[in-house]
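Chains as they are written, first to last, in the numbering used here: chain A, 1 to 396; chain B, 1 to 396.
Do not take every clue at face value.
[Unchecked claim] Only some residues are given here: those of chain A computed to face chain B with a beta carbon under 10 Å:
id: 1; residue: 41
id: 2; residue: 74
id: 3; residue: 312
id: 4; residue: 316
id: 5; residue: 393
Just so you know, these hints were derived from the structure itself, not from any lab.
Here a beta-carbon is modelled for each residue, glycine too, at the ideal position from N, C-alpha and C.
Residue strings, one per chain:
There are 2 protein chains.
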Amino acid sequence: MHAVPGVRLGSAAAGIKAPGRDDLVVIELAEGAECAAVFTRNAFCAAPVALARSHLRQGSPRLLLVNSGNANAGTGRQGRQDALNICQDLARTAGCGVEQVLPFSTGVIGEDLPVERLRQAIPEALADLEPGGWERASRAIMTTDTHPKLASRRFEIDGAPVIVTGMAKGSGMIRPDMATMLAYLATDLAVESSLLQACLAAAVKPSFNSITVDGDTSTNDACVLIASGVSSLPPVTDADAPVYTRFAQAVRDVCMELARDIVRDGEGATKLVEVVVEQAADEEEARDVAYTIAHSPLVKTALFASDPNWGRILAAVGRAGLEELAIDRVEIWLDDVCIVHNGGRAPDYTEQAGALVMSRREFTIRVSLDRGSANARVLTCDLSYDYVRINAEYRT
Amino acid sequence: MHAVPGVRLGSAAAGIKAPGRDDLVVIELAEGAECAAVFTRNAFCAAPVALARSHLRQGSPRLLLVNSGNANAGTGRQGRQDALNICQDLARTAGCGVEQVLPFSTGVIGEDLPVERLRQAIPEALADLEPGGWERASRAIMTTDTHPKLASRRFEIDGAPVIVTGMAKGSGMIRPDMATMLAYLATDLAVESSLLQACLAAAVKPSFNSITVDGDTSTNDACVLIASGVSSLPPVTDADAPVYTRFAQAVRDVCMELARDIVRDGEGATKLVEVVVEQAADEEEARDVAYTIAHSPLVKTALFASDPNWGRILAAVGRAGLEELAIDRVEIWLDDVCIVHNGGRAPDYTEQAGALVMSRREFTIRVSLDRGSANARVLTCDLSYDYVRINAEYRT
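Just chain A, with the same shape it has in the complex:
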């Protein structure tokens, strides 16, 4: 993990999660830092999501305030007031404007935010601020995650180092629509605001917006890209500049690594499976087919059982709603094993060959539709006993 000059992180235990476990994070940005962000498109977006979006529009954020254990979603008017109160408290303590604080919450939906406990823990988090705080913070934002998720890249431009470091949390209620549960990336580079937003949007699409654990888009998804701007390099203002290309690639790499890690740590997951749909008429139908496979409970239980019950994949393709699908042209592959050819079992397919691929911890389901040149790629995981256990036990 490379620390990011101009960004410090502090964590504390406010007592929302189990006693002694950190559940509060403050991220402090250098003066003049830029922030780009994408948020959930769930209509019931949480109170902090609405407030963070509003504060972001007013510019010049200095502090991000993140709590885990309570989502402050479905909490109506009280929730909005609570989010504002806690921002005001942090702003007062840190000496900045309330609109310079961006709030984020993740955890149980529908319970009031324990504002008093958060308030009491804020000084501890501020005292803990340090550039090396990423590791501790990445643990503090976890809910049902079994491990922290961090990724980091470093490259040089004209001999000057550039850092892109990120952390994310997420394990269940994962089918991001504009972002993932929570992800924070930061660079020391100065990047012009609209360019920073474009860079984030481009990186989020193939990463956080192409993964699913259970198809349930969260109320609290948010992904933030911070440019602290303390680098000695001149500000990036041109999308065609080599430095932007290098930077955008690093952001994308970090997002991809974090997104993969979220699915790998999907609730109860034992397998990481890439669903690739090729030769579709357009990208939308390619994604429809990929997500139909990736969400099918029957496909996901077959993945868990390492059972090459490919009829379930074929049935999912068939129900994805494609107009006039010529099923005789469909091919389906498990890694390099062709299982369906001309819409039926491939002549030289053997159960043994299918079972060998399915027994791998990571593999690819590839579907070729032979009706165009668009494609899509989605990451998913299996559906295991532990998914049911975790979600039947969580909260109760």
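Here the structure of chain A is known, so what remains is to put chain B in place on it, guided by the hints.
Okay, now just chain B, sitting in the frame of chain A:
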């Protein structure tokens, strides 16, 4: 169960399922009987579905041939030939035209139909034909079902009895699009062909087309309504006639009862939950919201745990894709307990009241959107360990 004059059923064990378990059914119709049918809209519809549809267009069906244990789906050209061969064999043995035989299959996808075994068992099924064969046949068509599904109604018109009796199978891969896995209804009434089809379509919509277990539309769904026409009553040719109204209601009642029974017997299900969405702008969005709740793995695991974790219901409403949903107007109820009011937790809601409803084996989740007058009603079940066990073990 009322037997239906003009309809006889025979069952046999062909050895596709476990030894000694019936897996072949022949349904014999009186000469001149009419058949209406609806089939799956899965693009990968099974070979027997395509053949039954084609034979039905040629009119005057006399025999339905149903096997369980093998779906003859995803079997390409060979599958189509197998379905035709077995129809030809039955037609020859019974002395009718091949186009008078309608084939149906249900079971594992992607394995070749064991034609020879079916052929050898056909004489046994024919010898077993009797009007009282419904009970045995309803067991023979089962796959992962834990109990047979039968429903029956009898009413009188001018002193003459009219019977509507039906059977169905289905437990997993349940999200019928035009019909359910397999359902067969029969009446002794004579009903004009287009009226019979209209009656079936109207009955299927609120019943088989409004249920889900796992969201996976099957490749083999079919629902058939037989009118044997042996009744002494005159043929029904008028949709406004009282006899049609009574008949249509009986068909709908039988379909509703069978559909409920399929969800109650959903794979691993411990709960039967009705999702009602009211005051939607149109029926499509009402169904979108209802199905988003009914399919959510997080809602379904909360149902299993009897945990009133209503934030998951709220999150599902929010991700259903409704444009400009005014969340402050949304209300959510568990039976008669209001949990969400004005888009947040209802003021007098208590966890205890929610838990009481969730502990019931059958209850209703009701969502009011306050943006129109359309509504929808969908039946679903919970997601339990046994769902994973059944689908991880089935076939392997």
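Violations among the numbered hints, reported as their numbers in ascending order: none
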